[in-house]
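Novice: Taken in sequence, the protein lines are chains L and U.
Add 258 to the 1-based position in the first sequence for this note's numbering, that's all there is to it.
Add 258 to the 1-based position in the second sequence for this note's numbering, that's all there is to it.
One or more hints might be untrue.
Which copy? The list can't say, so a pair holds if one copy fits it or any two copies do.
[To be verified] Pairs of lysine-lysine, DSSO-like flavour, derived with a Cα cap of 30 Å:
no., residue 1, residue 2
1, Lys307, Lys386
2, Lys386, Lys401
3, Lys392, Lys307
4, Lys307, Lys401
Don't read these hints as lab results, they were simulated from the structure.
Model, not experiment: these values are computed from the prediction.
Residues per chain, in single letters:
Number of protein chains: 2
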Amino acid sequence: MDELLLHEDPRSGNCYKIRLTAHLLGLPLQRLQYDILQGETRTTEFLSKVNPSGCIPVLQVGDHFLPESNAACWFLGENTALIPDDSFDRANMLRWMFFEQSAHEPNIATLRFWLHFVGENNLSTQQKSQIMTKRIAGDEALKAMDRHLTGREWFVGDAISLADIALYAYTHVAEAGGFRLQDYDQVCAWLRRIEDLPNYVPMD
Amino acid sequence: MDELLLHEDPRSGNCYKIRLTAHLLGLPLQRLQYDILQGETRTTEFLSKVNPSGCIPVLQVGDHFLPESNAACWFLGENTALIPDDSFDRANMLRWMFFEQSAHEPNIATLRFWLHFVGENNLSTQQKSQIMTKRIAGDEALKAMDRHLTGREWFVGDAISLADIALYAYTHVAEAGGFRLQDYDQVCAWLRRIEDLPNYVPMD
């Protein structure tokens with residue numbers, strides 16, 4: 259495989275997913291860090307070379323650049339045990355990864371960013387008006403996860419897959435966004451299972 | 259392959275993606291229609307049998323249920339020309355499908371739903387306050403697409419892939435959400451390429 263370089267902000271769960279995937283697989287991953295709060299991914303150099311959208315993470319594979327955290331996890335996970343062999347299970351894994359980006363991250367990760375890193379007093383009126391909607395939708399996502407994990411150890415099949423990694427990233431730090439993880443027993447047990455894995459690496 | 263049944267609302271672009279994928283591949287697909295505005299996906303039967311989250315589309319494969327539009331497209335597209343052979347291209351295709359769910363659909367599809375189906379006068383104050391943010395973010399997504407398509411016929415590689423199908427669904431009806439497609443030349447040319455494909459099927 260070409261050399262792997264992760265363009266990241268280590269506080270971002272989206273970036274951490276890729277690092278956790280690489281670590282679980284024992285893949286060497288170089289890291290190049292940016293401070294998104296200081297606009298370091300909005301420089302002319304970053305926009306022209308790494309990602310014209312100014313977003314991280316971007317996984318650099320040799321001379322190729324791959325934005326979108328879950329796509330990067332897929333790239334690293336192909337032909338490994340982190341992607342199920344069964345065709346329906348593989349699609350079902352992607353289902354939970356799309357759920358993560360559509361129903362989970364926009365609520366749980368955004369509230370963590372707003373409340374923990376930006377600070378409630380610094381939010382715009384428009385952002386403040388969305389807190390309650392995001393709180394309710396984030397709790398719905400956690401409820402859906404808790405319901406699905408009842409009677410299951412992992413999101414898909416009998417082993418950890420990329421779906422678990424993608425969902426772990428922002429779930430395990432959801433309390434920084436004001437969510438009460440203690441309300442979700444199955445989710446809490448599942449978080450512990452991931453943290454007990456050999457090669458687990460915590461967020462910085 | 260097991261019998262395929264799509265639980266859908268035909269006005270939804272997310273549902274249409276799956277129908278377009280099946281049509282391009284010549285796969286027979288049964289359809290079961292629900293009116294989301296009438297709450298037909300929130301009945302006890304739907305929640306207990308089809309999807310406890312009450313969301314559509316759900317692709318039913320025999321006795322198995324697969325929510326999330328892009329995961330369903332993946333399931334249908336595996337081992338076909340709609341998913342690239344090259345490993346980086348395949349991840350890059352998923353990159354645009356995740357982009358569609360995180361940066362495109364929440365803005366472009368939501369404004370279409372609010373303005374065209376619900377009606378601006380029926381929106382909550384909270385929804386109304388988000389229109390401008392979603393307008394700007396939706397235009398950013400269209401700009402990113404236009405930039406990427408410059409010098410390219412398709413999103414990834416030299417042929418249509420699931421990335422094109424996923425992005426086509428809500429882009430081609432973006433004007434119903436107040437977006438001006440004429441501002442995006444490359445996007446307009448790409449929409450025509452898709453509509454010229456043999457086996458293309460329009461949205462109902």
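Novice: Now look at each hint and say whether the structure bears it out.
Specialist: Consistency of the hints with the structure:
1. Taking CA atoms no more than 30 Å apart as the test, Lys307 paired with Lys386 passes in neither setting, with 34 Å inside one copy and 37 Å between copies.
2. In the homo-oligomer, the alpha carbons of Lys386 and Lys401 lie at most 30 Å apart both inside one protomer (24 Å) and across protomers (28 Å), since each shortest distance falls under that limit.
3. Within a single copy, Lys392 and Lys307 get their C-alpha atoms only as close as 34 Å, which misses the 30 Å cut-off; across copies the closest is 27 Å, which meets it.
4. With identical chains, the CA atoms of Lys307 and Lys401 are at most 30 Å apart between copies only, with a shortest distance of 17 Å across copies and 40 Å within one.
Of the hints listed earlier, the one the structure fails to meet is number 1.
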